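Number of protein chains: 2
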Amino acid sequence: MRKILLTLWLSLGPGLASATTVDTAAVPAARKNFVNNPVAIVIHGGAGTIRREKLDAATEAAYRSKLTEAVTAGHDVLKAGGSSREAVIAAIVVMEDSDLFNAGHGAVLNHEGDAELDASIMVGSDLAAGAVAGVRHIRNPIMLADRVMTHSRHVMLIGSGAEEFAVEQGFEKVPNEYFKTERRQEQLQRLKEKDQVSLSEADDKFGTVGAVALDIHGVIAAGTSTGGMTNKRYGRVGDSPIIAAGTYADDNCGISATGHGEYFIRAAVAHDICARARYQGVSLAEAGEAVVNGRLVEMGADGGVIGLNAEGNIIMPFNSAGMYRASVDPDGKLMTGIFSDEGE
Amino acid sequence: MRKILLTLWLSLGPGLASATTVDTAAVPAARKNFVNNPVAIVIHGGAGTIRREKLDAATEAAYRSKLTEAVTAGHDVLKAGGSSREAVIAAIVVMEDSDLFNAGHGAVLNHEGDAELDASIMVGSDLAAGAVAGVRHIRNPIMLADRVMTHSRHVMLIGSGAEEFAVEQGFEKVPNEYFKTERRQEQLQRLKEKDQVSLSEADDKFGTVGAVALDIHGVIAAGTSTGGMTNKRYGRVGDSPIIAAGTYADDNCGISATGHGEYFIRAAVAHDICARARYQGVSLAEAGEAVVNGRLVEMGADGGVIGLNAEGNIIMPFNSAGMYRASVDPDGKLMTGIFSDEGE
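Protein chains in written order, with the working numbering: chain A, 1 to 344; chain B, 1001 to 1344.
Since the hints were made in silico from the structure, they are not lab data.
Owing to the predicted nature of the structure, the values given are computational and were not obtained by experimental measurement.
Each hint should be verified, as a subset may be incorrect.
[Stated by the list, open to error] Derived Cβ-Cβ restraints for the label pairs, each shown as a range:
(1) A/Val167 / B/Ser1283: 48 to 54 Å
(2) A/Pro175 / B/Lys1192: 30 to 36 Å
(3) A/Glu342 / B/Gln1169: 41 to 47 Å
(4) A/Asn313 / B/Lys1192: 46 to 52 Å
(5) A/Gly170 / B/Ser1283: 47 to 53 Å
(6) A/Gly300 / B/Gly1281: 36 to 42 Å
(7) B/Gln1169 / A/Glu168: 31 to 37 Å
(8) A/Leu334 / B/Gln1280: 52 to 58 Å
(9) A/Arg153 / B/Arg1183: 57 to 63 Å
Built from N, CA and C at the ideal position, the CB exists for glycine as well.
One chain only, chain A, in its complex shape (with noise of 0.2 Å):
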């Protein structure tokens, strides 16, 4: 699968290589002169009362193995100098296709039982960003915001005119029933016979997956892929494809969310996150802990994030019970947490 990615990043890359340009005037200059500069890659598969009694050690061991893939595709592409954007990319895309996360394969269904899948990502370098919602047709929705981020003069795409683009650009589409699996049908009737709306299994766990990287020219990019709630209608759109909600990156600071979408748009947490650090001057960690365990939690939000800044500082916060989590710090350091007692 490793093989695979690594063909996939280098078959994208030629492809995008105006994209993947590094503006230098943006890196800070103390990075530009050095090649060997700290690489690092979090990521996320969603947050929620996941707790230790609740999962089988089978399944347990299902997620932290395909965390440790989906890491390690970022963290093979940073390692081979190529760009967080294209790391971030490597990572959602092994969590989309895998039927553990509510996110491509295996995402949640709405009223109707279709998937309707959201994504965004963002470069800080050059604040680039790219976001779909309430597509039903893309194999991998993060693929298709890069490519409105890269191949478009927008940000935002939503529904059949982001697929009429995706197919233009070449994107194949594939039938709603590629994302459909048994659970999440399941899941779904469960819920509407309790005419219950819910973000993710059980009305417990918060989907979404998510991923933020730090490359070798010190360039932060995250993106963020999801199928959002359970039974959602109306076209609900949550916090996944929004700019400064769900997703937000920029030369010093780079995070990607999962919970209470409704709560992360309203509290504006990636940017919000981003502007304590840089404005009010305290560290990543204190300003990630300030709106994830203060804000949110007054809010009575639950959920959490993961992010980096340009000296590859790796946070983790979530106020849930557990949050699916994987990191490779610049020391090259694997971690893999799901629980809250697990150190990072």
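Keeping the supplied structure of chain A fixed, place chain B upon it in accordance with the hints.
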């Protein structure tokens, strides 16, 4: 017209009583005991290359008259003790119903020749927010964004799903022809012949309307409504329906933006201005200048914002030649402005 709007407000008011209840815990302590707190409102009707020599006297008079009508409609609500949320809606509805502005009736047309409308609203005291994107049959999109905020558990609804919600909420669907004017159809034809995308007429004015108000309870609300870009394709969404980009309000800051939406999303304009004011401890005016005439200019983005804080200090910075704008300050002084050499 003023009478009609006051009637509209009075008829809306009681039905939305639960939504208009002020959370006094969120009102700054200094304001709680003052029933005669200052009220203020500021509106915009778009920014761009609006120069004296290009605007004939009759057209200029029509804009000033309609801006006066809109800002007065909002101010009347505030004077009568209504909420900032109701004032914002009253002001924006006047501009949506006018064919002078790129919102509601008279909105620009997309590539297919249809109007596709976006709007959002936010109340600062409890960070409540609502937004719709890509709606085609709702006469006043700002009222639908408000209904999403007050009558759903969601923040953002898109496309036909948003209209399904509207119908369930008793909104009447209007044919898309209601929005179309001869001027916009000619404008689309000209751009299609040149294969261009424009944010507004003659490629030089950014449409969008917006309002920010401070009510007697010290609560700030902000709202924005737009038809987006002429000849737009692919379900393009700009900053207007994006909380943190086109619209943001908290307990001491409210912003509505107008300009090149893609840049405004990437710069998270509305939230960034409020964040600078809060975290850097600078005035709202300084924060607005830093973003509109600093960061946005560096990015090459044209446009402007309107805003106010809990003291009723009003800002209207823009970096384009002109911006349609009007305000009534805490002293009750009304002003309208179009060009850059008009004082505020």
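Verification of the supplied hints:
Remark: the range hint 48 to 54 Å for valine 167 of chain A to serine 1283 of chain B is upheld by a beta-carbon distance near 49 Å. Hint check: proline 175 of chain A to lysine 1192 of chain B, Cβ distance near 33 Å, so the stated range 30 to 36 Å holds. Between glutamate 342 of chain A and glutamine 1169 of chain B the beta carbon distance is about 45 Å. The supplied range of 41 to 47 Å therefore holds. Between asparagine 313 of chain A and lysine 1192 of chain B the beta carbons are some 50 Å apart, a value that agrees with the proposed interval 46 to 52 Å.
Range check, glycine 170 of chain A to serine 1283 of chain B: Cβ separation about 50 Å, and the 47 to 53 Å hint holds. At roughly 28 Å, the beta-carbon separation of glycine 300 of chain A and glycine 1281 of chain B lies outside the given 36 to 42 Å, and the hint is violated. Separated by about 36 Å at the C-beta atoms, glutamine 1169 of chain B and glutamate 168 of chain A satisfy the suggested range of 31 to 37 Å. One distance hint, 52 to 58 Å for the beta-carbon pair leucine 334 of chain A and glutamine 1280 of chain B, is violated here, with the actual separation near 38 Å.
A C-beta distance of roughly 24 Å is found between arginine 153 of chain A and arginine 1183 of chain B, which places it outside the suggested range of 57 to 63 Å.
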